[in-house]
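Sequence order for the protein chains is A and B.
First residue of the first sequence? That's 48 in the working numbering, and the numbers climb one at a time after it.
First residue of the second sequence? That's 61 in the working numbering, and the numbers climb one at a time after it.
Keep in mind that the hints were calculated from the coordinates and are not lab data.
Be careful, since some hints might not be right.
Here are the simulated SDA-like pairs of lysine to any residue, each with C-alpha atoms no more than 25 angstroms apart in a straight line [what the hints assert, rightly or not]:
1. A:Lys-110 <-> A:Lys-54
2. A:Lys-54 <-> B:Phe-198
3. A:Lys-631 <-> A:Ser-657
4. A:Lys-373 <-> B:Ile-127
5. A:Lys-386 <-> B:Ser-159
6. A:Lys-54 <-> B:Gln-206
7. A:Lys-424 <-> A:Gly-648
8. A:Lys-651 <-> A:Ile-808
9. A:Lys-62 <-> B:Gly-204
10. B:Lys-196 <-> A:Gly-284
11. B:Lys-179 <-> B:Gly-205
12. A:Lys-133 <-> A:Gly-336
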Amino acid sequence: MLRNYLKSARRTILKNKGVYGINIIGLSLGLASCLLILLFILDEVSYDSYHQKSEDIVRVVFKAEIGGEEISEAVVMPPVGPTLEKEFPEVLTAARLRKMNNPKLTYNNKNYGDFEFAYIDPEFLEVFDLKIIKGNNTNPLENPKAVIITEKQAERYFGTENPIGKNLSFEQWDKQFTVTAVIEEFPENSHFEFGVLASMEGYDYAKSTSWVNSDFHTYLLLKDGEQYKNLEAKLPGIMDKYMGPQIREAIGVSYSEFKDKNQVGLFLQPLTEIHLNPDFVSSGDLKPGMDIKYLYIFGAVAIFMLFIACINFMNLATAAASKRAKEVGIRKVLGSGQKQLVKQFLTESFLATIIAALLAILLVVLFLPTFNQLAGKSLQIIDLLQFSIVLTTMGLIVFVAFLAGGYPAFFLSSFKPVQVLKSRFASSGKSSLRNGLVVFQFIISAGLILATIVVYQQMAFIQNKDLGYHKDHILVIREAHLLGEQREAFKNQVLKDPRVTSISNSSFVPAGPTDISMSGVLLGGEYQRRMFIYNVDEAYIPTLGLDLVSGRNFSKEFGAERNRVVINETAARSLGFHKDPIGKTFTLDTEDGGRELNIIGLVKDFHFKSLHREIEPLILMNNPYGGLIIRINTADISTLLANIENQWQKFNIKEPFSYTFLDESFNRTYLREQKMGTILSIFTGLTIFVACMGLFGLVTFAAERRVREIGIRKVLGSSIPEIIALLSRDFIRLILISFLIAFPLGYFLMEQWLEDFAYRIEIKWWMFLLAAFLTTFIALMTIGFKSFKAASVNPIKSLRTE
Amino acid sequence: MIKITNLEKYYQTEEVQTIALNKLSFEVKEGEFAAIMGPSGCGKSTLLNILGLLDDPDGGSYLFNGIEVAGYNERKRAQLRKHNIGFVFQSFNLIDELSVFENVELPLIYTGVKPAERKERVHQVLEKMGIMHRRKHFPQQLSGGQQQRVAVARAVVNNPKLILADEPTGNLDSSNGNEVMDLLTELNEAGTTIIMVTHSEHDAKFSHRIIRMLDGQKVTENVLV
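Bound conformation, chain A alone (with noise of 0.2 angstroms):
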């Protein structure tokens, strides 16, 4: 029976091929994408499951508001980890890590730099797992002097040599480290990329009891992850311990009272979850997150997508019935009965999804390398093989199949041989189904459409705000401060160019990789909050073109200027110096008691943070050091930076001389978004096709339902845009319809995902009047080509063919 049903699927298939085809292009578009999809969550959620004890192990972050200002972060106090320890018996270890920036190591006299590098307590080795290649496997970090390597940097120091006994120098840090032992790479869906990793028991910092600095990731490894938010309860009372001696004697107050105004605590979060929470902690996290809500978004696009071909499979199904009606009759004359036909139509619908599935894959195959460039991943190949994704495509098909031909198979089958047989049978022009599906299918199109183009909007709108600062032309060499005191003459031999307007010298940038620091501020002996403080020079603010509203800018003939600083117009709103805050004064909170500063300038509020985050009060202050960034103003951008290099060379220091844009930084603040804006655009073009195809066939049949009509309109007159007008109404009013549901539920979401930019665009009337026009334009065109090739039939052909 079964050979038989098949058997007759696979001929139905061929014979019509134009249906099926639309069929079978729509569901493997759709199962590729929900394929591709898969894999990126997969890829997503499965970050830092690796381990074997992830389940058990959380992170502790810092998280407060003192003086109106949220503070949370990823790092906390050094002391937390080892007190969490020796305090909680469900605390099994304690495992400190503390990164360090722009680390440069020396090897036989060769500088390196381009790595991650982190100090790790011992016990890190047992919290998480780093697989050991090579040298000491038992406890390779008991030697304060201990590093270990991943494989690949050990590869570029030591090539071919064993690189166990070596010794890697560190003359920032005046530093020298032995290799004890060489680790795989971390794998890319771990929130850990480090390259070398050395010996916490060297690096006096952590010795610190200090609970007022934060600088340390700490993890804990529980006895039952599961019972996290125990541990979390008890964690008040060990800040109420062990900080508030020392708030005392920080800043004068009792805890207790500085606890009235303020709210400080340690909360913990789960190894697994930190990745996909991004917005957990607002700063120090180790690796950029995924926002959850992306993988929401893609999930319900590969969803839409399957849904959508699953609809032409049904609507096409229905609109064939007449088709396919005389079988059934004939079939159910000779005796069979409904079950046997139901079973028929399903096989037909299985042979096509199975069809479709081995299509899918291989387009999973073929665009791969595209998705991840697309995606900024590396999804292989064999991923597809997981059990979970064999299991899931399996569980497809047969939904699918299901879905797609379950109500075909009933509609079809509980047809009454006497009508379909001797009368003509009368396909049901109007299907209420059909046309809520079409319905759907294009609410879904048309919010796509609308979501696409917000999210462009939105990326043009960062593109192009005014962000406050000129962010074209600038560029910035982080590493002349390894000039050391020739950088003041490499400034100068650079400034002779004609190409170069002028040059400041600073590490701090409103975009891309910066120095950041921050400080307490006091007014009239009262802590106030923490401000950003950008250390800059005279040049500074016309080399980035900020916009001096009042006052003055640093200026060499008043000397060094170490107390004076010019501010932006959030930090005087917060200092309270609306109206005109030149020769006020406010304190700065020093290790050594604070420092009496003098406003002498305000800038303009510019955007020195991406623009999902406010601008924050900001100071600059007159202490030159690090970096240059040089203002040009040439298009012939590469024989002036050959010029550059070769003032560099000159200097004969062993660095290589290296440099980015500030506009590309800038664009790469946003790149997610970008790259997520376009894979949603690719995703909202398929489906779309998909929809497409489906209306496409929908036109296909009414035209053929219709053909004696046409040529009976046609011998009494009617012109060919008129029947063409005839044949698109009905598509076109439900597509109407559908706006009417698809455009406030697109506001709503759109809405959301605006949110998350604290500069973001209004969602305008004429972008729902957009998508409108373009979502009807491209049915119009899917229907107008049918319906015209209808109009233009000879009637005298159609009514002969009656």
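Following the hints, put chain B in place on chain A, whose structure we already have.
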């Protein structure tokens, strides 16, 4: 074998009720070959559908082999139909996607005959109908006469007690038509009851008895044999 009494069937459109069968009564004995004639719209096809258990009467009685089947539901009708009745249509109604062999095999599949036996029985009947050499062809590759022979083969492969033929020669030329009529006569001689609806006096002469209908009623009955 078949006895109908006061059989009624109405068709209802939105405003008009049409009477298709108006208290029609007659009997067909086992082994008989009956022809039903009458102008278009007289209710012949409606009658054939009810006799063939494809449709349900609105009134009256229908005894099939002495069992009242008038109130049967679709499932019971289908059950009775597939074991007892074979159909031959004017437009052949072969399934285009299936080969000759497969078309003829279909009733046997639905009655649950094992594959080996199916093959044997299909071959037998194709041999008998003289279309064995065409068994791998598809309907559209055959002439009208050949198609109708396949349809007849399909109707008889299950050895039904009753064959209902609805204008079996209507789409055929006279020589092909005669061949089909000869086939039906042979089947009848072998013991199968046949009821045939026809417009053709020529074809009707092959039967034992002609029932003439008008406006859903029997008007005359001529016994030919």
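Hints violated by the structure (numbers, ascending): Checked against the structure, the hints that fail are numbers 1, 3, 4, 7, 10, 12, while the rest are satisfied.
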